[in-house]
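**Q** As they're listed, the protein sequences go chains A and B. Just so it is clear: in the first sequence, position 126 is 126 by this note's numbering, and no numbers are missing. Add 255 to the 1-based position in the second sequence for this note's numbering, that's all there is to it.
Since the hints were derived computationally from the structure, they do not count as laboratory data. Just so you know, even glycine gets a beta-carbon here, dropped at the ideal spot from N, CA and C. Certain hints may be false.
[Unchecked claim] Derived CB-CB ranges, DEER-like: (1) Pro-401(B) to Glu-133(A): 21 to 31 angstroms; (2) Arg-244(A) to Arg-504(B): 37 to 47 angstroms; (3) Val-348(B) to Pro-88(A): 27 to 37 angstroms; (4) Trp-419(B) to Glu-116(A): 20 to 30 angstroms; (5) Thr-110(A) to Val-364(B): 35 to 45 angstroms; (6) Glu-18(A) to Ser-338(B): 27 to 37 angstroms; (7) Pro-347(B) to Ser-39(A): 39 to 49 angstroms; (8) Ile-115(A) to Arg-504(B): 19 to 29 angstroms; (9) Thr-110(A) to Ser-338(B): 46 to 56 angstroms; (10) Gly-267(B) to Glu-133(A): 27 to 37 angstroms; (11) Ala-495(B) to Ile-167(A): 31 to 41 angstroms.
[Unchecked claim] With the Cβ distance kept under 7 angstroms, some of the chain B side facing chain A (calculated, not the full set): (12) Ala-402; (13) Glu-416; (14) Pro-424.
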Amino acid sequence: MTAAVTLRGVHKSFGTLEAIAGIDLDIEQGSFVSVIGPSGCGKSTLLRVVAGLEAPSSGDVRVYDEPATIARRHKQVAIVPQNPGLLPWRSVRANARLLVEINSSANRSTTSDPIELLDRVGLTAFLDAKPYELSGGMQQRVALVRALSLGAPLLAMDEPLAALDEITRSEMRGLINQLVEGRGVTTLFVTHSINEAVALSDRVLVTSPRPARIVGDIKIDLARPRRGDVDDDSRFFELCSEVRHALHGGHGGEG
Amino acid sequence: MKRTRLIAPVAGLVVFFGVWEAFVRVFDIRPFVLARPSRIVRYLAKFPDDYFNAALLTLRHAALGFAFAIAAAVFIGAAMAASTFLEQATQPVLTLIAVTPFAAYIASVRVGFGFLSERPVIFIVALVALPAFTFAAVDGMRGADPASRELLASVDASPWEVLWHLRLPSALPALFTAAKYNTGLALVVAYLAEGPTGGLGKIGARAVANNEGDRLWAAIFAMAILGTISLVLLNLLQRAVMGWHASQRTQRV
Chain A
1 MTAAVTLRGV HKSFGTLEAI AGIDLDIEQG SFVSVIGPSG CGKSTLLRVV AGLEAPSSGD
61 VRVYDEPATI ARRHKQVAIV PQNPGLLPWR SVRANARLLV EINSSANRST TSDPIELLDR
121 VGLTAFLDAK PYELSGGMQQ RVALVRALSL GAPLLAMDEP LAALDEITRS EMRGLINQLV
181 EGRGVTTLFV THSINEAVAL SDRVLVTSPR PARIVGDIKI DLARPRRGDV DDDSRFFELC
241 SEVRHALHGG HGGEG
Chain B
256 MKRTRLIAPV AGLVVFFGVW EAFVRVFDIR PFVLARPSRI VRYLAKFPDD YFNAALLTLR
316 HAALGFAFAI AAAVFIGAAM AASTFLEQAT QPVLTLIAVT PFAAYIASVR VGFGFLSERP
376 VIFIVALVAL PAFTFAAVDG MRGADPASRE LLASVDASPW EVLWHLRLPS ALPALFTAAK
436 YNTGLALVVA YLAEGPTGGL GKIGARAVAN NEGDRLWAAI FAMAILGTIS LVLLNLLQRA
496 VMGWHASQRT QRV
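Model the full structure from these sequences, guided by the hints.
**A** Below is the structure:
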């Protein structure tokens, strides 16, 4: 197995507050890995450490064989934040291009045309609209296109669907599967929704309450490509309850 | 709908000028103390070119000072937003500039820059407008959306890119608010500072020296029109540049 992301003995503290308590992890290239855990457990910190936005207090983080901070400089990681973070003065089209425009000398040859991606997420009619004219789900679709356009081999998504309503979330779930499958990118997806984690992932990591440790590592063997009705599958329910048990049982020891 | 919106302001102005005219006539006030609107308009109509050219010159002084102040404020503000030490070091200086009466040092600045030159006028306008612009720039830049900042950091944006793509646009609402406050201030400062130089301030200063009421009030009137036009232009500019901002949308509803 070729690892896209490797963590060895990663600790992270903010002053006396310990956020991550020793994580060893290999994420296989091209896989979709979710991290699920109680709120405030440090899973967002884990994502920020992998994205090179936060240096670990100790331990080693490598992304595609580079230290995470260097990978960030080489535009190897595309992030999708929880709050879509669209610039209100830019049109949909210009927002989608943002990450490609910034630090453009580091652009990879794999950048994708944002216009085509915007078309695939159904926003062709809104190319010149400003973010305030869009619904929350549409804004998050722009954030997704913005990240995918970068053509980075690692996608890091921090609860991108948390602020959306139930109907929009299940639509977005289908859309993410559709866009990410077959693209060959590795995805690290932080969430607190069990259904979301199972529907999207190849592997679900369950973390303990803060400081975060990995207490469960569940392989999701649902077939790909996944359809919108993946959550009607009986295997889906089995996996969800497996994740749920790991989440609730994992409070004390190593899962 | 537009016409009904204009009724109230126009009615207000008509009543204001009417009361003014009647007040001066009834109490027979001499023109130097307060000239009647009808007299002022007649006087302006007698020398339209003089006042128009003087107004353009005053506008030039105020606008150039304004522009230098904004440029300096964005530069200083970016540095202050980036460093708490710099912010704490700069704040007392800006406060001093803001509270020191500019009229007190006009003469010194004039001697320093050359008595008849327009440079002292532009310098003083810029200096007086600087604190409000700088504080606005710092606040606006600091308020830039943290998610967007992190997003730019995730692709290793340079400080210059962060300033241009995020911090500066985020500061626009605050900068426009400061600009509205500074517009009146810049015109007043230009008027008072340009005594010997030219512009409406020179006409006003001469009129005071020669006890010419009509000439003085015509200059005052021209200043008021200039200020109004400047504010209208500023509002139009804000609407054009900041259509994305909630403050500009609610007005249209």
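**Q** With respect to the beta-carbon atoms only, verify the hint that Pro-347(B) and Ser-39(A) lie 39 to 49 angstroms apart.
**A** holds (43 angstroms)
**Q** Starting from the range 37 to 47 angstroms, see whether the pair Arg-244(A) and Arg-504(B) falls in it by beta-carbon distance.
**A** Holds: the Cβ-Cβ distance is about 45 angstroms, inside 37 to 47 angstroms.
**Q** Starting from the hint 21 to 31 angstroms, judge whether the C-beta atoms of Pro-401(B) and Glu-133(A) obey it.
**A** Given about 23 angstroms between the Cβ atoms, the range holds.
**Q** Is it true that Gly-267(B) and Glu-133(A) lie within 27 to 37 angstroms of each other by Cβ?
**A** holds (36 angstroms)
**Q** Holds or violated: is the Cβ of Glu-416(B) closer than 7 angstroms to a Cβ in chain A?
**A** Holds. Min distance 5 angstroms.
**Q** Taking the beta carbons of Ala-495(B) and Ile-167(A), is their distance inside 31 to 41 angstroms?
**A** For Ala-495(B) and Ile-167(A) the Cβ distance comes to about 38 angstroms; the hint holds.
**Q** Indicate whether the distance between the beta carbons of Glu-18(A) and Ser-338(B) respects the range 27 to 37 angstroms.
**A** holds (30 angstroms)
**Q** That 20 to 30 angstroms hint for Trp-419(B) and Glu-116(A) (C-beta), does it hold up?
**A** For Trp-419(B) and Glu-116(A) the Cβ distance comes to about 27 angstroms; the hint holds.
**Q** Determine whether the Cβ-Cβ distance between Thr-110(A) and Val-364(B) falls within the hinted range of 35 to 45 angstroms.
**A** Since the Cβ atoms of Thr-110(A) and Val-364(B) sit about 59 angstroms apart, the hinted range of 35 to 45 angstroms is violated.
**Q** Please check whether Thr-110(A) and Ser-338(B) have a Cβ separation lying inside 46 to 56 angstroms.
**A** violated (37 angstroms)
**Q** Using the C-beta atoms of Ile-115(A) and Arg-504(B), is the stated range 19 to 29 angstroms upheld?
**A** Given about 27 angstroms between the Cβ atoms, the range holds.
**Q** Does Pro-424(B) hold up as a contact with chain A if the rule is Cβ-Cβ below 7 angstroms?
**A** holds (5 angstroms)
Hint compliance for this structure: hints 5 and 9 are not met, and every other hint is.
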